[in-house]
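Q: Each chain is listed here by its residues.
Protein chains: 2
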Amino acid sequence: MARLKTIEWTGKAVRLIDQTLLPGKLVYEDITNVKDMHHAIKVLKVRGAPAIGIAAAYGLYLAASDFPDDRTSSDFLAYIEKNERYLAGSRPTAVNLFWALNRVKNHAHILADSKTVPEIKVSMLEQAHAILAEDREMGKKIGEHGYELLKQHTNILTHCNAGGLATAEYGTALAPIYVGAESGTAFHVYADETRPLLQGARITAFELQHAGIAVTLLCDNSAAFLMKRGLIDAVVVGADRIAANGDTANKIGTYSVALAAKAHSIPFYVAAPSSTFDPAIASGEDIPIEERDAEEVTEGFGRRTAPQGIDVLNYAFDVTPHELIWGIITEKGALTAPLSESINTVRTS
Amino acid sequence: MARLKTIEWTGKAVRLIDQTLLPGKLVYEDITNVKDMHHAIKVLKVRGAPAIGIAAAYGLYLAASDFPDDRTSSDFLAYIEKNERYLAGSRPTAVNLFWALNRVKNHAHILADSKTVPEIKVSMLEQAHAILAEDREMGKKIGEHGYELLKQHTNILTHCNAGGLATAEYGTALAPIYVGAESGTAFHVYADETRPLLQGARITAFELQHAGIAVTLLCDNSAAFLMKRGLIDAVVVGADRIAANGDTANKIGTYSVALAAKAHSIPFYVAAPSSTFDPAIASGEDIPIEERDAEEVTEGFGRRTAPQGIDVLNYAFDVTPHELIWGIITEKGALTAPLSESINTVRTS
Numbered sequence: 096m097a098r099l100k101t102i103e104w105t106g107k108a109v110r111l112i113d114q115t116l117l118p119g120k121l122v123y124e125d126i127t128n129v130k131d132m133h134h135a136i137k138v139l140k141v142r143g144a145p146a147i148g149i150a151a152a153y154g155l156y157l158a159a160s161d162f163p164d165d166r167t168s169s170d171f172l173a174y175i176e177k178n179e180r181y182l183a184g185s186r187p188t189a190v191n192l193f194w195a196l197n198r199v200k201n202h203a204h205i206l207a208d209s210k211t212v213p214e215i216k217v218s219m220l221e222q223a224h225a226i227l228a229e230d231r232e233m234g235k236k237i238g239e240h241g242y243e244l245l246k247q248h249t250n251i252l253t254h255c256n257a258g259g260l261a262t263a264e265y266g267t268a269l270a271p272i273y274v275g276a277e278s279g280t281a282f283h284v285y286a287d288e289t290r291p292l293l294q295g296a297r298i299t300a301f302e303l304q305h306a307g308i309a310v311t312l313l314c315d316n317s318a319a320f321l322m323k324r325g326l327i328d329a330v331v332v333g334a335d336r337i338a339a340n341g342d343t344a345n346k347i348g349t350y351s352v353a354l355a356a357k358a359h360s361i362p363f364y365v366a367a368p369s370s371t372f373d374p375a376i377a378s379g380e381d382i383p384i385e386e387r388d389a390e391e392v393t394e395g396f397g398r399r400t401a402p403q404g405i406d407v408l409n410y411a412f413d414v415t416p417h418e419l420i421w422g423i424i425t426e427k428g429a430l431t432a433p434l435s436e437s438i439n440t441v442r443t444s
Numbered sequence: 096m097a098r099l100k101t102i103e104w105t106g107k108a109v110r111l112i113d114q115t116l117l118p119g120k121l122v123y124e125d126i127t128n129v130k131d132m133h134h135a136i137k138v139l140k141v142r143g144a145p146a147i148g149i150a151a152a153y154g155l156y157l158a159a160s161d162f163p164d165d166r167t168s169s170d171f172l173a174y175i176e177k178n179e180r181y182l183a184g185s186r187p188t189a190v191n192l193f194w195a196l197n198r199v200k201n202h203a204h205i206l207a208d209s210k211t212v213p214e215i216k217v218s219m220l221e222q223a224h225a226i227l228a229e230d231r232e233m234g235k236k237i238g239e240h241g242y243e244l245l246k247q248h249t250n251i252l253t254h255c256n257a258g259g260l261a262t263a264e265y266g267t268a269l270a271p272i273y274v275g276a277e278s279g280t281a282f283h284v285y286a287d288e289t290r291p292l293l294q295g296a297r298i299t300a301f302e303l304q305h306a307g308i309a310v311t312l313l314c315d316n317s318a319a320f321l322m323k324r325g326l327i328d329a330v331v332v333g334a335d336r337i338a339a340n341g342d343t344a345n346k347i348g349t350y351s352v353a354l355a356a357k358a359h360s361i362p363f364y365v366a367a368p369s370s371t372f373d374p375a376i377a378s379g380e381d382i383p384i385e386e387r388d389a390e391e392v393t394e395g396f397g398r399r400t401a402p403q404g405i406d407v408l409n410y411a412f413d414v415t416p417h418e419l420i421w422g423i424i425t426e427k428g429a430l431t432a433p434l435s436e437s438i439n440t441v442r443t444s
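For the protein sequence lines, the chains are A and B, in the order given. In this text, residue positions in the first sequence follow my numbering: the first is 96, and each later residue adds one. In this text, residue positions in the second sequence follow my numbering: the first is 96, and each later residue adds one.
Please note: incorrect hints may appear among the correct ones.
Any copy will do: because identical chains look the same in the list, a pair fits if it lies in one copy or spans two.
[As the list claims (entries may be wrong)] No more than 25 Å apart at the CA atoms, straight line, and that leaves these computed lysine to any residue pairs for SDA-like: (1) 427 x 397; (2) 107 x 231; (3) 177 x 321; (4) 323 x 371; (5) 235 x 211; (6) 246 x 113; (7) 323 x 359; (8) 323 x 128.
Hints were generated in silico from the structure; no laboratory data involved. All figures in this text were calculated on a predicted structure; none of them were measured in a lab.
Working from the sequences, and respecting the hints, build out all of it.
A: Take a look at the structure:
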């Protein structure tokens, strides 16, 4: 029983958990070339913005490692550009993917004048290692700050998966739980299954069970009643995007949990890297909400469970207004309510 | 496009919709003997308390119709008793089933001294017809009273299935929608899919679509966000049991919807026969909450979607406190808030 390593470097290959096989099977796959990495990202063997970024960084190194050492730096850079575009096409809307690829590529550009091709390759691998290490450290910091807020509680509800399997290891929302386990605090996690894609049932439940942390799975619609029955002490969720005023976009269903927490005076926390703040967005009203395919709702898991031709409204995200959020936990520390003031404090400090 | 007839008498047989095949196929089955009716109830071809009661009443008549006309009334009554017990065993916890069987059996007992076996048989069939007609009439009355409350609105959210397919025709929560359609009012229904058993996706969506009423399916966890976006004008749900103070037990998830409605100042109504009131229960605190099998949550979609051995909390029902309920619509009229007063008015009138 241990925290899962979502992605790691074996010395020769990138070792990934094939998340498409979860929760039925835990299979590690060693990836040794850029084509297989492109495929792994495309078919969601690796998922979660931070994990995708790390995978892509290693993917660009795997491409580089196949380039002949005796050719020129400028040929090498052209080859890297081509492979960057190739990897960027694996998940066209993943911002972390572009960011990580760009970072490794720019590093190669900077070294091209002063270093040989073999030296640049080594340095690119080090960049990939650094992205992974920084992500791991960021999760650990979020975990430590979050643990300070949560350690007085026992029963923690979460929604969707903002856990280790979306990142290098600790995750965001689940990081305080893992830090608690390291510190000898036994939290009990209640995991919303998270319709329609069941990330809570498939991934959160799996990674916590694997780490030996007590976890109970529930249907999203029962969370409010569990609160009424006194089974939930606090809520912690991740975030996809946080507006300048603290309004938070996260997986659909988060807002419903926040309303129920408010009705029962239960603390509701958001845990996310500080990079999740988008200062260009004033409030949640300005966050665009993706609508996804009806089939995710009507035939997501092997058989059709709704009539043919039925109209479906399938929002992927919702927005929780900052008034419902007791605190936002980042790697730099926890911003607590009133958020409009604490966010400004961080920005001006 | 029309309201579905859940159950009807063809002159020779009981015609049922096989609800186990919904929403994929609409298949009517003609049932001509008690054994097939026992099976139909047991395997949920017919479901919903009122519909089960009607089916059982006809089932007892089907048993009677096979009894030789030239034998004695006392032999006939013993045979009816035996078949009543047989049918009662098809769904051991269904109160309406016992009530309907008892009513038809008692009717036979009352007539046994004065009537011949063939005459008693005819009269038993009339009792089954009466149970169906009364249920249909009750649904229609609920629909008329509910329509008065809902007609000023357009977009109506419902949870689970308290529709025609649980009753003879109109249903309870959906009855105002059907009465509206008869009166030329085009409601748009938003149907929660209703995890874990998906009665909203499988049954509510199906029957409304079939009746030509605009219906949009959504995941339960998105209802609150739809309210925030202004898409929902009112909520109407059914009830399994109503305490003396108006606290209402209904399908898990109802409480969450009621909290969200309250947060957005959206009217929240319960529609149910007056027989749903249980005056022996003072408040919702005293209503026992059934917990059901984990597998409903972990393997409901045709394949397993959660890790083996995971702990699951699967409440079948929750309780919505009367403070969140704007009105309870019965066949006798609508009780409106404050419910503690309006319920007493009805009881003393």
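Q: What are the numbers of the hints the structure violates, in ascending order?
A: Checked against the structure, the hints that fail are numbers 1, 3, 5, 6, 8, while the rest are satisfied.
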